[in-house]
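Undergrad: Here's the letter readout for the chains.
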Amino acid sequence: MKRRPAVAAVAVGAALVLGFTACGGNKTTGTNQPNVAAPEFNAAVGKVFAPSTKKGGTLKFANSGDWDSLDPADTYYGYSWDFIQFYGRSLVMFTPKPGPEGNKLTPDLAETLGVPSDGAKTWTYKLRKGVKFEDGTAITSKDVKYAVERSLDKETFPNGPTYYNDFLDLQGYTSPYKDTAPDKLGLKAIETPDDQTIVFRLKTAFSGFDYFAMLPASIPVPASKDTGTKYKEHVVSSGPYKFETNELGKKFTLVRNTNWDPATDPNRPALPDKIEVSLNVNADDIDNRLISGDLDVDIAGTGVQAATQGKILADATLKKNADTAALARLWYVSVNPDVAPLDNIHCRKAVLLATDHDSYLRAYGGEAGGDIATSMLPPQIPGAEKIDLYNFLSKKNGDADAAKKELTDCGQANGFETNMSYRAERPKEKALAESLQQSLGKVGIKLTLKPFPQGDYFKLYAGKPDYAKNNKLGLMSNGWGADWPDGFGFLQQIVDSRVIRASGGNTNLTVKIKDVDDLLDKALQTTDTPAREKVWGQIDKRVMEDAVVLPGVWAKVLLFRSPNLVNVFISDGLGGFYQYGSLGKK
Amino acid sequence: MAGGATRRPPRPNIVLRYVIRRLLAAVLLLFVVSVVTFGIFFYIPRLAGASAEDLASRYVGKTANEAQLRVMADKLGFYDPLYVQYGRFVKGIVLGANYNTGPTTVRCPAPCFGYSFITQNPVWPDLVDRMRVTGSLAVGAAIIWVLFGVSTGVLSALRKGSIFDRMAMGTALAGVSLPIFWTGLLTLSIFSYRMHLTAPGGSYTPITENPAEWAYDLILPWITLAFLIAAAYARLTRAGMLETMGEDYIRTARAKGLPERTVVVKHGLRAALTPITTIFGLDLGLLLGGAVLTESTFSLPGMGKYAIDAIVNNDLPKVLGVTMVGATFIIFANLIVDLLYAVIDPRVRLS
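The listed protein sequences derive, respectively, from chains A and B. Anchor point for the first sequence: position 567 equals 567 in our numbering, and the numbering is continuous, going up by one each time. Numbers in our numbering are just positions in the second sequence, counted from 1, shifted up by 586.
Don't read these hints as lab results, they were simulated from the structure. Watch out, some of these pointers could steer you wrong.
[As the list claims (entries may be wrong)] Result set (DSS-like, lysine-lysine): computed pairs, CA atoms no more than 30 Å apart in a straight line:
1) A:K203 - A:K121
2) A:K225 - B:K842
3) A:K274 - A:K54
4) B:K746 - A:K178
5) A:K184 - A:K142
6) A:K250 - B:K661
7) A:K54 - A:K129
8) A:K251 - A:K132
9) B:K677 - A:K184
10) A:K274 - A:K132
11) A:K512 - A:K386
12) A:K430 - A:K395
13) A:K104 - A:K54
14) A:K230 - B:K842
15) A:K142 - A:K225
16) A:K534 - A:K396
17) A:K188 - A:K250
18) A:K405 - A:K430
19) A:K188 - B:K661
20) A:K230 - B:K677
21) B:K661 - A:K178
[Claimed, not checked] If you only want the chain B side, here are some residues facing chain A, beta carbon under 8 Å, derived:
22) Q654
23) T784
24) G787
In this text, a Cβ means the ideal position worked out from N, Cα and C, and glycines have one as well.
Extracted from the complex, chain B is given alone in its bound form (with noise of 0.2 Å):
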């Protein structure tokens, strides 16, 4: 073949092929992260000399025998070897499982993420009901903390020294040091139950069944988790800006006479925003994986609640259960955040 140029294959092309190779990671990754959670419950308490019994006597009651432990390990499973308990897992996941009431059989359709023992219901329901709880106070307070955090920021730098910025850096630095089970409980007592301008805790009404209910439920714990979290980004945004607002090519836009705002938000603001989205990526898939701290403060039933309590209560199905919905979240969030740097900056190449 002559030497020259090569022709570049069109774009959509490069960025399926990525976009494909990142999902089989990511499937890799999970059956990775399901073999090691599963291999901490599971294994690593028989390394420190536990037994079948001992195992199970984490789902008996208090004045259990040594016959109804048997009998409980058995049923369980635990004295099958690992790798048939692992496949038993994998395969209730995408076959489903069937478990004993007592009197009947009832069906754990798949994904069957687990059965527990201690509140006898399939995991994978709960966690479904559970994701929309957490699902609305990331997402709500995800608006709130990017739209204050970034605007923050940017007026900020752009009035670098002045009250304002003093103040507003001022703020952010109580934000991010209070700990949000202080100001929660803090905001509670005055804005709930002093005021009674907002829900108490534990208040939770999902969307479909009320939208103002909804919305004025998690109103408090929204801007408490924003405020906490709203800080890191005007931080960032302000030292970004900064940054870029010192770079030639603004003085080259400003000087071509555009206005003022375009040259903020379109040149400055956009080169500012690829650590912006980085952290926005990390931050939102852990708060996705539960947010336990402000569920707990909150007493709101969401996904990191239900991590607490099953650990609490020593449900192993529900933490393993948790654990792999979780990790699934911040797996996804990262590969979207990468897919969203060739969108905002078009010098990362997909290679």
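The following block holds chain A by itself, in its conformation from the complex (with noise of 0.2 Å):
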């Protein structure tokens, strides 16, 4: 899942505007009405900000940058899977409620979870009767098969995720571009007994196939009305909201969809009775608008810009409308054992030892940016345990000494050199690589920080084994945020060898570790779910044995909560968004 990275802007200059805004003091916080719930620090975070019913109103979302798409075939950003519940359902969603029962999955479009047979490789869902498209017409299975269908299409839509790809057995599939059946309907995987059934055939057993059923792929789309790359500039709905008016690269309106039954949906209050998006808005433009309540929701949910923070932190009065998030994101450093002395793993666990944890949270903000990282699974995916092998938590400025006896187990008593490898346009990870460079030289490890743009640090750089390996990349920045919080979601592409590609485009960059593939494929064959989140511990303590990672930071984000919305709490199974289906006006 990917979050548009927050770009940047001039600190000095925007502290500056908004010191002056400052001096004009505040008309944000409304505690003057007597019936509308007093603002508080994180007041969203684990229950619901007033909490309400009332309908009306027009929501303004502004973002920083632009959708990958639209198309639900064609979109990885996790704001993006947040505001589809506007026009789309999928198969099976995220509970919409505060706190950990957010991270639960609750039936939308079909009635139940799936239900698996054959050692769960085989997944039936029943659709929910009544479901209609905005123009009227009936959903139904083969609707959500044929959006599946055309989801496996990367040529057309490259951007989503793959696990359809990679799980259904697809015969030879390509894409119902190329489908020589009449209906279009020829992936032979997934079958429609009738309208409400729907049953997907899997290559291998897969437990957490409810996962997939959650992924906008499976949102219907009329084969009728698909104009391929096109259909992005009007997504038919299937939610309570439809697309009015749509300006590619400047913004685009939605209205209510008259054809959505509440009766058939539980999830979606629909509060607003409009929701108006603007794209490309400048960042700080956009906290300056959040503040001062001319714009409800900054869509990006990175937290606010760097000047913003500083500000809000200091204010009494504008803290009490900011909620910090905790994602299911971790920074880390990756290690690399294909390139020398890491090739020993007492020269790795040396680098471990000698970092200084504390500076390395500072490099990202300090507490509001996050907590100190001591394994890769984040405290909130269930299946996390405490695992802190090299004592991070109780040396946070490094061991020195422990460090050292590693480097003369590893024959490099004076310390060695390496390369570290940042993303250039990145301050916090340039931050975070000159702060190694300290801790880790105080050992005797040199290290040479090498920057790269990050359009391409994982398709070309850090990401591309041979370049690595022949440029000497021994510490590589890194940092990844799950798809969804569950222990799949978050490990799979980072810790499975089997994922790692000569082509480049690796965000898996040092872990190969057979006993980790072994204990990976294990899970995805467990249905029983404690037994299964068991395995994820497992995974996560025997990476930190091999020490090819250096956790850092368990991800926090600041984030404003506009006087203007009713009905407001974050949502963990989103990755700590709000949970912009159910937002409402004031």
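Fit the two chains together into the complex; they arrive one by one in their own frames, and the hints show the way.
TA: Printed below as a string of structure tokens:
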């Protein structure tokens, strides 16, 4: 799951601007109205702030960038998967409730969660009756099948995830646009015995298939209205709102879908009458407008800009309108066993022991940026255990003595030299690299820092095994956010050695442990949830034992909750965003 | 042929030949720009060791495998020799091209300045749309900065050393020194969000839809941008005026009894206008190529913002399109400036 990278604005200039606006005082807190809930810091974390069923108003969103695509088959941004609930219904979704309940899946288009059979190789769903597209036509299982089929076509729709491609028994199927069946439903891996039933057949067992059913790819698409790459210009809605206007790259608006029947949809309160989204808006301007009340939501969900963050944390009144959301995201450094002398486990352990973890956290914003990570799995992921093999917490500034001992064990008593890569456009990664240079330098490990452009970082440089090896990238700055908050969603892309591609584009840069691969396979087949969750903890520990990753920060963001909003809460399932589909206007 | 005075050819002919020569040079220059730009995006990465698949990796999602990269590289023509790729690009501009949408193909009519595989849209209609915004921003601001800049410069020159002069030049210094991303955010904060006098960032209404709304949306960016640029004009005008007003022919004009306004404007200012015209041509040309900082600060959907967004997203066809259009504007702006010299300053020979 991707988040829109926060573009580093000119902090000083913006700080001065915001300093000026602060001089004039604030008119945003609105606590003089008797019936409205009083804002508090973190009022939307773990609970609903200002619960409401009041309908009406226009919800105004702004995006500092642009969608990868509004087409459900072609999108990977976390905020997109949140917003899409306004105009699309997938088979299942995360329960729209705050706290740990939000981590659980609940049926949306389907009547119940999936029913596994054949050892979790087959999954069956029954669709609710009475659900219609925006034009009044009934939604059937064939529309869901067609939607999944088109999401398989990575040539036409390159951006979305590939879980269906990887797990369905495709038998050579590529795309409905090359499908020879007259109804374009030639994929044998999905069966639609009747209009209400859909059956998925997998190549291998997978106990977590409900998470795939949550993906936007299962949002139904009417084949007769499918215009391929142009479909995103007007996506046919199955949700409570439909597109009214769509100016690509500029803005779009949604209005109520009169063919959405609330009786079929227990998950969406559909409070606002209209939704407006502006694209490519200046990030600092967004913050100013949020605070002045001109705007309701910053859709990117990556938190306020650096200057605004300082202002909010320092001002008690403003802070009441802020929430810190824990993301299922880890900032870490990959430790490359392909580059000598890091091929020796003791040299790798020396790196982990010598790191100043407090300084690592400060590079990412200190307490407001998150918590020191002692292993890979963020604590809110079911199955995460407290693992701290190298005493990160008790030795926050590093353990130079233990590190030196490990260096002696790997035959480098005086330290060694290696290169560290990071993404040039990210000031936090640069700060981290410099911090590591310092703390590792204390035990004799000399780092040469190598910045790379972020657009190609994973495709051509750090993410390309040969490049990393030939250029002696011993340490590589990295970060990962789960596609969904469970062990598979978090771990699979970053610890499975079999996903590593020689052609580049990898996020797993350094974890190649057979035990881990075996444990992953075991988890995939374990349908008993608590037993499966235990395996994630085992995998986390095994990876840490090998010291091929240096965990840094379990990330948090600071979000500003506009006083215009009611019914606000943070969804853990969606990954630390406000549940957009539940928001209303005061 | 006997010696003696050669009859001078009629003036319009000279002008026409000059214009034609300059137009041909402009077209040649555009051709060079297109080759160089194309080379930068599609040849230099190859020199640095990038393969066709590496180039294609920009157009695929993060989960693409090797097979998908090869398919995309083939689809985008990266396996063809460079001159074939360039030829295809030029052919698109002249004749148009067809692109696959999945179930059908879509036509990109001439001039087809490329097709963005990230937004799945031809680039040219976007550029036309964005040009209107950048054009509105540039022209509106230009009128304000020329009027204010030049008149301030004239008044300062005439009242040299006075308090007005000092304050005006001080303000001009501020305008030149303060960055637009700061003044822009500040003016938005104060005038739009606090006082609700002007439109919020990101507001733009086409003039054809509602001229009053169009002006209301742009007044703040116009003034903020003009403030930045007027400074140079004020200072230049003042310097030029001071030099000119000391000339003999000014004293002659006054001695002849001409009204002061005629002396100042028709004789003094006119001579000082030549350098002003030069930088005006450059400034306007550059702005029309995309007022990047202003558009980013005010979130205006113009060419500059388009270019920045395209660069951030690695959308090469868009960047190529913007570069070509920007270069065209600069080249033609300079051509017009050169022609204006002849109008303003009769001493310039069009030889």
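Undergrad: When the structure is checked against the list of hints, which entries are broken? Sort them ascending.
TA: Hint check: 2, 4, 9, 14, 17 and 23 fail, others pass.
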